[in-house]
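Asker: Sequence:
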Amino acid sequence: MVTDVRPDRESDDAAPLNPVPSADDAQQPGGDRPRLGWRFLVPIVTAGAGLMFAMSFQAAQGDDLRADRDLPSLIIEGNGRNEAKAKELDLLQQEVEALSKERGPKDSRLEALNRESAKTAAAAAATALKGPSVEVVLDDSSLSLDQLPSRYTADDIVVHQQDVQAVVNALWSSGAEAMMIQDQRVISTSAVRCVGNTLILQGRVYAPPYRIEAIGDVDSMLQGLDADPTISTYLDYVQAVGLGWAVHTHAEAELPAYSGSVDLDHATPIR
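Residue numbers are given in the numbering used here: position 153 of the sequence shown equals residue 368, and the series is strictly consecutive.
There may be inaccurate statements among the hints.
[Unchecked claim] So the derived label-pair ranges between C-beta atoms look like this:
| id | residue 1 | residue 2 | range |
| --- | --- | --- | --- |
| 1 | His465 | Thr445 | 45 to 55 angstroms |
| 2 | Ala455 | Glu331 | 49 to 59 angstroms |
| 3 | Gln380 | Gln438 | 16 to 26 angstroms |
| 4 | Ser435 | Asp361 | 37 to 47 angstroms |
| 5 | Thr445 | Ala313 | 38 to 48 angstroms |
| 6 | Pro424 | Ala313 | 33 to 43 angstroms |
| 7 | Ala313 | Ala455 | 47 to 57 angstroms |
| 8 | Asp451 | Val311 | 46 to 56 angstroms |
| 9 | Glu331 | Gly457 | 24 to 34 angstroms |
| 10 | Gln397 | Ser365 | 33 to 43 angstroms |
| 11 | Ser323 | Glu350 | 42 to 52 angstroms |
| 12 | Gln397 | Gly457 | 19 to 29 angstroms |
| 13 | Ser323 | Ala442 | 23 to 33 angstroms |
| 14 | Glu350 | Thr404 | 45 to 55 angstroms |
Keep in mind the hints are simulated off the structure, nothing from the lab.
Keep in mind it's a predicted model, so treat the numbers as computed, not measured.
Cβ atoms here follow ideal geometry from the backbone N, Cα and C, with glycine treated the same way.
Let the hints inform the model, and build the full structure from the sequences given.
Answerer: Below is the structure:
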């Protein structure tokens, strides 16, 4: 038998939860301290609340701070602005080039600069380029989560940044002379970043499938793709969960000139 040894709540011996102070207790020093504390605390709390309301009003400026920002629409809008600015930049560069050629014969210094820039234009991707090419297409799997084989997760059925970067690196290292990802010409310093299942390239956002095309020695580039270990791992997932993979060769392709910035904003020179 288990005996309850806890004190009976109704017992006279049990101490009351909220003892009532006696007249003698009220005369003890410090008996009014709790009341005096509340007299000072209430104005402080009131002032703090007023300050918080004022800061909230300044931040919101009459708007709902919890309103739906409609993030997809903001991304689409920003992507459109970047695309329009890129086209505007292309037109301005063409105008500058036309004016330079027009004034070249009249200015010996400008003519000399034009000759020097023409020598490096191809290497800097400043001009369009034609030639035989290899095209690689990566895509997410069409499987749903409930169709996945055991031990595979949602991360395994989407194309990741390292997958795109592996193709890019393999093509560059095997002799690619020019490259384009989606509809943009890229150079060796172009950054490929993926957020979720979207790709961010030079300020614009793309959804799969991802298309990478490179001009150069076709046989050498195909061998480079076959020899890359990261691509081999990707091909294992192609077989296991149906990731998209396609390689095409073209007798002649034309890639547009690179129109992005060539400034290195975050590089530090090594001395």
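Asker: Give a verdict on every hint.
Answerer: A quick look at each hint next to the structure:
1. Between His465 and Thr445 the C-beta distance comes to about 24 angstroms, which lies outside the given range of 45 to 55 angstroms.
2. The supplied range of 49 to 59 angstroms is met by Ala455 and Glu331, whose beta-carbon atoms lie about 53 angstroms from each other.
3. About 19 angstroms separates the C-beta atoms of Gln380 and Gln438, a value consistent with the hinted range of 16 to 26 angstroms.
4. Evaluation of the 37 to 47 angstroms hint for Ser435 and Asp361 yields a pass: the beta carbon distance comes to about 43 angstroms.
5. Separated by about 44 angstroms at the C-beta atoms, Thr445 and Ala313 satisfy the suggested range of 38 to 48 angstroms.
6. Between Pro424 and Ala313 the Cβ separation comes to about 37 angstroms, which falls inside the hinted range of 33 to 43 angstroms.
7. As the Cβ distance of Ala313 to Ala455 is approximately 54 angstroms, the hint placing it in 47 to 57 angstroms holds.
8. At about 49 angstroms, the CB distance of Asp451 to Val311 agrees with the hint of 46 to 56 angstroms.
9. As the Cβ distance of Glu331 to Gly457 is approximately 51 angstroms, the hint placing it in 24 to 34 angstroms is violated.
10. Distance hint for Gln397 and Ser365: a CB-CB separation of about 35 angstroms, consistent with the stated range 33 to 43 angstroms.
11. Evaluation of the 42 to 52 angstroms hint for Ser323 and Glu350 yields a pass: the beta carbon distance comes to about 44 angstroms.
12. Separated by about 22 angstroms at the C-beta atoms, Gln397 and Gly457 satisfy the suggested range of 19 to 29 angstroms.
13. Roughly 50 angstroms separates the CB atoms of Ser323 and Ala442, a value that falls outside the hinted 23 to 33 angstroms.
14. Checked against the given bound of 45 to 55 angstroms, the beta carbons of Glu350 and Thr404, roughly 22 angstroms apart, lie outside it.
Checked against the numbered hints above, the structure breaks hints 1, 9, 13 and 14 and satisfies the rest.
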